[in-house]
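Protein chains: 2
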Amino acid sequence: MRTADRQALLQQLKLDYSHILINYFTPDAPSPEKIDKFINALFCANIPVPQIIEMHMELIDEFSVQLKLEGLSDDTLLDYRLTLIDILAHLCELYRRSVPK
Amino acid sequence: MRTADRQALLQQLKLDYSHILINYFTPDAPSPEKIDKFINALFCANIPVPQIIEMHMELIDEFSVQLKLEGLSDDTLLDYRLTLIDILAHLCELYRRSVPK
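Top line first, the protein sequences correspond to chains A and B. For reference, each letter of the first sequence is one residue, going 1 to 101 in the numbering used here. For reference, each letter of the second sequence is one residue, going 1001 to 1101 in the numbering used here.
Rather than coming from a laboratory, the hints here were simulated on the basis of the structure. Treat the hints with caution; some may be incorrect.
[Claimed, not checked] When the alpha-carbon atoms are kept at most 20 Å apart in a straight line, the in silico SDA-like pairs for lysine to any residue are as follows: (1) K101/A x I1039/B; (2) K101/A x A1041/B; (3) K14/A x K101/A; (4) K101/A x K1034/B; (5) K101/A x Q1051/B; (6) K1034/B x I1085/B.
[Unchecked claim] Far from chain A, some chain B residues (derived; all Cβ distances over 12 Å): (7) I1020; (8) P1027; (9) H1056.
Ideal Cβ placement from N, Cα and C applies to all residues, glycine included.
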């Protein structure tokens, strides 16, 4: 894949992940199918896990800046660690099952 | 592996993980080598990820009971989510690199 295409893919994945994060604890929470689709996209694109962690940290930093601008506490952002655990656990299981015995 | 051997292995892994958790935020924090050794043990034993999550939840529940018996708050146990993220991220990357291209 060309570098520009790879960058565009990463941007799309970051956007998808931001939607999952924002809605994760709301009544409009992403369906298991939507989360699975995102995990499959990470798997198919073979994204290194450190890049996924970086994507998460960047988004949390962006949310934190936004909340502070609005004069709100960013304490609740810690809850999004659960979302990251959810994603990593499912992705890890997907890779585990793909390793030849 | 026989069921009894598998059970013994899981008990050993749970014990190893409890030591990692307990010391994770202390001056006696486990070395990267010790964490790598634990992750390699999970990898070699091909432990399904839901079982790792279950192991984590059981330990957190046990710590919570202990803290409450001592009249202490269990709020700090939420921080151990970072330990789980650390383990899952490294294990996931290990499996990712083991999938044939």
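| task | Any hints from earlier that this structure breaks? Give me their numbers in increasing order, please. | result | 3, 4, 9
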